[in-house]
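Protein chains: 2
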Amino acid sequence: MGNTTTVAPGKHQALTAEELSLTDAYWRAANYLSVGQLYLRDNPLLKEPLKMEHIKKMQLGHWGTTPGQNFIYTHLNRVINKYDLNMIYVSGPGHGGPAVVANTYLEGTYSEVYPAITQDEEGLKKLFTQFSYPGGVSSHASPQVPGSIHEGGELGYSLSHSFGAALDNPSLIVACVVGDGEAETGPLATAWHSNKFLHPHNDGAVLPILHLNGYKISNPTVLARITHEELEQLFLGYGWHPLFVEGDDPAPMHQAMAAALDKAVTQILQIKKNKDITRPRWPMIILRSPKGWTGPQVVNGYQIEGNFRSHQIPLDVTATNGENHLLLLEQWMKSYNPAALFDEQGKLKPAIAALAPKGPRRMGANPHANGGMLMKRLRLPDYTQYAVDVRQPGVTGEGDVHVAGRFLRDAIRDNQHFRIFGPDETVSNKLEAVFEVTNRQWEAAIAPHDEFLAPGGRVMEMLSEHQCEGWLEGYLLTGRHGLFNCYEAFIHIVDSMFNQHAKWLKISSEVPWRREIPSLNILLTSTVWRQDHNGFTHQDPGFLDLVVNKKAAIVRVYLPPDANCLLSVMNHCLGSMHYVNVMVAGKHPSPQWLTMQEAIGHCARGISIWSWASNDQESDPDIVMACCGDVPTQETLAAVSILREQLPDLKIRVINVVDLLKLEKPSAHPHGLPDKDFDALFTTDKPIIFAFHGYPWLIHRLTYNRANNNNIHVRGYKEEGTVTTAFDMTVLNEMDRFHLVMDAIDRLPQTGSKGIYLKQQMQYKLVEHKQYICRYGEDMPEIRNWKWKY
Amino acid sequence: MGNTTTVAPGKHQALTAEELSLTDAYWRAANYLSVGQLYLRDNPLLKEPLKMEHIKKMQLGHWGTTPGQNFIYTHLNRVINKYDLNMIYVSGPGHGGPAVVANTYLEGTYSEVYPAITQDEEGLKKLFTQFSYPGGVSSHASPQVPGSIHEGGELGYSLSHSFGAALDNPSLIVACVVGDGEAETGPLATAWHSNKFLHPHNDGAVLPILHLNGYKISNPTVLARITHEELEQLFLGYGWHPLFVEGDDPAPMHQAMAAALDKAVTQILQIKKNKDITRPRWPMIILRSPKGWTGPQVVNGYQIEGNFRSHQIPLDVTATNGENHLLLLEQWMKSYNPAALFDEQGKLKPAIAALAPKGPRRMGANPHANGGMLMKRLRLPDYTQYAVDVRQPGVTGEGDVHVAGRFLRDAIRDNQHFRIFGPDETVSNKLEAVFEVTNRQWEAAIAPHDEFLAPGGRVMEMLSEHQCEGWLEGYLLTGRHGLFNCYEAFIHIVDSMFNQHAKWLKISSEVPWRREIPSLNILLTSTVWRQDHNGFTHQDPGFLDLVVNKKAAIVRVYLPPDANCLLSVMNHCLGSMHYVNVMVAGKHPSPQWLTMQEAIGHCARGISIWSWASNDQESDPDIVMACCGDVPTQETLAAVSILREQLPDLKIRVINVVDLLKLEKPSAHPHGLPDKDFDALFTTDKPIIFAFHGYPWLIHRLTYNRANNNNIHVRGYKEEGTVTTAFDMTVLNEMDRFHLVMDAIDRLPQTGSKGIYLKQQMQYKLVEHKQYICRYGEDMPEIRNWKWKY
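Sequence lines, in order, name chains A and B.
Sequential numbering from 1 applies to the first sequence in the numbering used here.
Sequential numbering from 1 applies to the second sequence in the numbering used here.
Just so you know, the hints here were simulated from the structure itself, not pulled from any lab data.
Nothing false has been slipped in among the hints.
Copies of the same chain look alike in the list, so a pair counts if it works inside one copy or between any two.
Here are the simulated lysine-lysine pairs, DSS-like style, with alpha carbons at most 30 Å apart:
#, residue 1, residue 2
1, Lys759, Lys665
2, Lys686, Lys789
3, Lys57, Lys718
4, Lys551, Lys718
5, Lys358, Lys82
6, Lys718, Lys665
7, Lys376, Lys506
Please work from the sequences and hints to get the whole structure.
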């Protein structure tokens with residue numbers, strides 16, 4: 001424990017001379033295919049002298065990381081065979097797409113999933129041409145690449161994804177290449193601490209390979225430019241056992257890498273065997289090799305290999321600077337000696353091909369990397385048995401999320417492939433029922449008075465939304481199920497991760513051999529309207545605006561108004577596939593509206609008239625009062641109460657929206673209401689007062705092309721807030737009952753002097769509220785004690 | 001170098017007995033005021049027995065971190081006096097608002113900026129009552145707190161902010177308390193590496209104080225539960241010299257903290273004096289003290305002090321469980337012996353008060369923490385001298401950002417209080433001209449073939465958008481100027497940081513004694529439409545949707561269509577105050593439209609009819625073709641060319657939008673166009689085809705309440721993309737010239753059979769395009785060679 005091994009090149013002979021020769025050949029083959037993908041559209045075996053007509057017009061992609069990843073992949077193949085490992089490969093620098101494509105091609109999986117890309121000269125030509133080409137494949141480790149669960153387009157999440165993949169997969173080893181560029185990101189810098197959250201027996205292992213190739217796009221990397229001593233201390237401090245492999249001479253580097261991997265795998269297997277589950281010091285590899293290794297050395301006087309200039313396309317082989325670079329390219333490709341690697345037909349020679357693992361042991365074919373293949377549906381308890389008894393609309397609940405907590409508790413009890421993730425908020429978010437059946441998984445020290453901590457548990461909590469989201473994504477991508485619970489405002493921390501995951505889901509749904517994976521379920525609570533302890537910084541309902549920008553086939557947004565609706569929605573979301581489901585719900589005691597049966601119908605429709613709250617049954621309404629979200633629903637019903645009492649002749653229709661995207665047209669979202677249904681609900685000409693949980697403009701954006709859009713007046717959060725009562729928050733944003741009544745009257749000239757008088761009353765109420773709250777620090781009794789009475 | 005000092009309690013006697021006694025008294029006074037803020041609304045000196053009527057009805061705030069921060073603040077005061085330090089205080093766990101309020105009150109600054117909060121019994125009553133109270137002050141280290149540049153509501157950015165504050169402030173020491181909860185976040189985990197980017201002479205120092213109080217809301221913290229050895233290795237690996245202060249007995253802890261701070265300050269002063277500027281190992285302090293230190297021990301059988309249960313309100317003193325807890329509260333407050341701290345009138349006793357620094361040396365009064373006080377305007381070069389010569393609309397430019405790079409170069413040359421920040425993209429984003437006059441600041445090792453690296457430089461690059469944004473925010477908050485240049489898609493990584501900064505700007509603009517600070521300028525380039533190397537993962541223009549949700553007074557969004565417009569916009573933004581300015585611009589060669597004079601006028605208006613491209617001068621238009629963004633402008637003008645050529649009778653008006661928020665009403669945004677002006681531009685009844693850089697719905701959201709809103713048809717990015725040509729990207733998203741022509745014809749039935757025929761031609765063109773690009777991997781010559789000809 002605590003020591004470091006430097007596997008210096010040349011000191012070990014892990015490989016026999018023949019193994020060394022074959023390993024190097026395999027690596028050269030992968031490098032050859034990588035360069036081919038970047039440059040060629042013809043003459044893939046260089047049977048004739050290279051000409052400009054063989055070259056792609058647009059040369060797009062990244063060479064720098066590629067040879068290092070080819071080196072790693074080749075050596076991982078060796079230990080998979082030697083130890084019969086169940087291993088997948090996560091490419092942090094996923095822009096090294098040529099490497100993963102080349103390797104899955106060499107091992108045969110690529111041709112299995114893309115039969116047109118055959119293992120011969122014609123197939124090679126197609127393989128090269130399609131890469132980073134219009135109508136072809138992405139330049140990254142995208143969903144199109146077999147064996148990939150991580151595109152690596154946005155850097156930072158490879159290690160979190162890897163740990164998520166390893167959870168509950170005790171036999172799996174996730175080899176994760178972390179680029180030294182990516183290692184500078186925040187999410188990656190904290191992801192090293194994931195080793196405090198991995199159970200040595202119940203979960204699999206993660207083998208990080210920190211690839212110090214020294215450069216980013218045009219800068220050196222931090223970790224490559226600190227002292228060896230600091231680097232070693234850093235990873236010891238993170239709790240790892242670093243094994244160093246450093247150099248640039250292929251032969252000794254092969255020996256060093258083989259020795260380091262033997263050591264790492266042996267340590268992992270030993271840890272898995274140990275009876276003692278005290279947090280082990282897992283091995284990791286620090287591989288220092290040149291960026292653009294084996295590529296051009298110096299071009300036009302600039303250093304290329306071992307420099308940032310090898311990041312993308314090292315030789316610009318175009319018509320204008322052409323022939324000279326064409327020759328360099330040919331020399332470069334021939335330096336791998338393709339004739340020794342591929343036979344005349346373009347097939348990898350058998351002795352070399354034999355180095356690849358077989359069947360599902362191939363990293364491109366491992367079913368864990370096509371998670372839907374292993375996916376088992378959740379066994380969900382009957383959610384209706386957790387129903388709140390709503391004898392009449394408006395009874396006070398215990399907090400909607402609190403009710404859902406018991407459903408989640410039993411879902412955890414019944415499923416060993418379901419986990420809950422959150423940044424230390426599961427209790428704060430009132431989901432503590434789950435701790436009746438499980439604990440937080442925690443391998444660091446446990447002290448007296450700690451609660452709900454154990455080495456194994458189904459709740460993952462670390463104060464990093466990035467980690468929670470990354471772990472969960474890795475868990476889902478390998479076919480399991482989960483829920484992220486998060487403070488609403490701070491889900492923005494993972495906006496970009498959500499974007500990337502939604503993009504992954506979209507593209508993977510277009511890849512025929514990819515199976516659907518379980519949905520990403522996000523429960524947002526501690527919402528904008530209830531930030532008693534924290535105030536303005538904790539108020540931001542804008543994640544929904546981001547979500548609805550993503551592809552409609554992928555995203556779903558629900559705002560259940562009470563606990564029974566939340567149960568119905570939660571049950572639906574947990575059972576769904578290949579979506580991002582966002583649920584927004586309150587954790588504070590609040591009124592309950594619907595019986596379980598009513599909730600089921602309401603949630604199935606996604607949007608309904610609440611006829612028990614309306615009085616327009618006999619006629620057309622004079623006004624539609626719509627609401628979406630728990631606090632807006634309460635304020636709307638309170639406003640409706642006032643209007644019905646004070647202006648009993650007024651015909652009011654109350655509409656509640658659970659499924660936000662019902663508001664869009666069917667052409668914009670699969671849940672969208674047809675115009676005739678929308679118009680039947682909202683009328684084509686009556687005023688609509690819409691109280692919305694989030695930023696009001698989102699409702700306009702969703703309804704801009706509806707017939708009655710010019711009559712929709714939306715109230716919502718408009719960036720006004722502080723530490724204050726829930727009701728005062730609605731007043732600050734003019735979404736309170738009094739403002740809603742005034743809004744209605746403004747749009748109902750027919751209410752005449754009665755309306756004007758009521759509006760004045762409302763203004764007095766607002767003044768009274770302000771005075772009371774400043775004096776007593778809480779809401780007026782009529783607010784605190786308000787109950788729905790119709 | 002490389003060694004660690006443990007300052008064990010009791011082994012040092014840095015304080016005399018009297019100093020110890022006074023220091024402890026000062027700390028107790030701060031703790032007393034902190035508890036008072038959480039609970040009391042009357043009887044602030046406990047002159048009479050505590051009754052329920054003295055207690056706040058809603059007790060909201062956080063105790064856990066507060067006593068530790070009071071301890072730190074007290075000890076920082078001592079070294080400020082002893083060494084005459086210029087120091088500010090950054091509270092990472094800014095939810096410990098009671099601590100910063102209490103301390104700035106004790107040192108006198110609070111009463112200076114809030115004269116009603118006097119240093120007597122009445123003032124104490126007000127101080128207590130206002131805290132976390134409706135109409136009062138936030139529970140966090142918000143802009144309302146003097147001396148704060150960091151609210152700490154969202155955790156993770158304290159250290160980046162601190163380093164930003166230290167840049168170019170050679171005499172400043174930023175004491176930064178990092179909570180062990182916050183330390184788990186990604187941004188904080190990578191921010192420790194900021195020590196590789198701080199010049200020992202030109203910049204100030206950052207003294208991090210990692211506060212290990214062991215718990216978050218309901219979990220222990222990772223760093224408090226790893227071994228001491230690992231903790232030490234971790235921070236040695238990060239390149240710091242950690243000084244440990246650990247314990248819970250106040251007297252020896254005072255001695256240990258004083259000794260550690262003496263050591264840390266001495267080391268910092270020595271580093272500043274050293275001639276050798278090789279990256280030093282800066283000191284940091286690791287303070288391990290109990291959460292909720294000096295608070296209640298055990299309540300209702302639960303451990304409170306030293307446990308997560310002290311995080312917020314440790315005693316729930318309400319009417320229902322009341323009297324018992326009331327007594328506990330009284331005992332707790334009296335344990336600080338207030339009679340020994342405050343005189344009969346409620347004023348801190350002189351001997352204790354003497355411990356506070358004086359005047360601007362007080363951390364609450366340090367002008368660096370009210371950045372606008374020290375702010376000097378930028379001396380900007382005349383931007384028109386960088387103008388592109390546009391002899392006729394459509395000449396090909398060199399890349400708009402590339403042109404702006406020369407303006408930025410000279411801005412850097414002329415200003416020592418201006419910096420550029422970016423994640424290794426300044427060259428990739430074509431701003432390399434700046435390296436003619438400066439370098440990237442880099443204290444890690446420098447190797448042969450590195451470019452533009454030096455220990456001092458005005459460009460800050462690390463592959464962490466969080467770091468870049470956090471550094472820049474800290475730089476701005478202390479009154480300096482800067483620009484963040486970022487790939488458009490990855491600005492989402494800092495969505496949440498932007499949110500928090502926009503909230504800070506909003507609240508601070510409402511605080512009378514806060515001066516305005518320079519704007520946060522964000523240049524987004526490498527945009528959605530040009531992702532040749534990277535494809536789908538790098539395509540997301542949705543940051544704008546997020547930005548426009550924030551308070552209108554704060555946010556500005558510009559999409560200059562060409563280089564001259566970018567120059568004008570950039571000049572305006574760099575000179576502005578207290579905004580977030582988002583500029584979106586292209587880096588690839590693209591057509592130039594306006595002369596400098598035209599650009600000045602166009603940008604001043606923010607939106608204009610481009611009459612040289614229109615043919616409706618003599619009459620009303622038949623159709624309005626609007627565009628916003630460089631690629632949409634190009635496609636719109638290409639579409640207009642086709643329409644004018646093929647349907648010469650059609651009257652077309654071309655409108656270009658630079659200032660996106662012109663589209664809103666004046667009631668929604670200060671830049672909003674009055675309805676009459678909007679209607680004069682867009683007509684009230686003619687069809688509008690709007691090509692937009694971002695997600696199309698944003699235009700609908702901004703224009704939903706305009707007269708002609710139902711006639712606006714928007715094309716933009718709709719999540720379709722891959723690695724392909726720029727033109728093919730527009731085709732995939734149906735924003736290309738051919739689709740725009742078809743869109744126009746669909747809305748112009750009067751074009752009759754000619755229109756139908758032209759539409760067919762456009763469909764053929766699209767097929768031809770697809771075939772060509774799949775075959776040749778580049779766009780058809782007619783696309784590549786297209787030129788505006790009118």
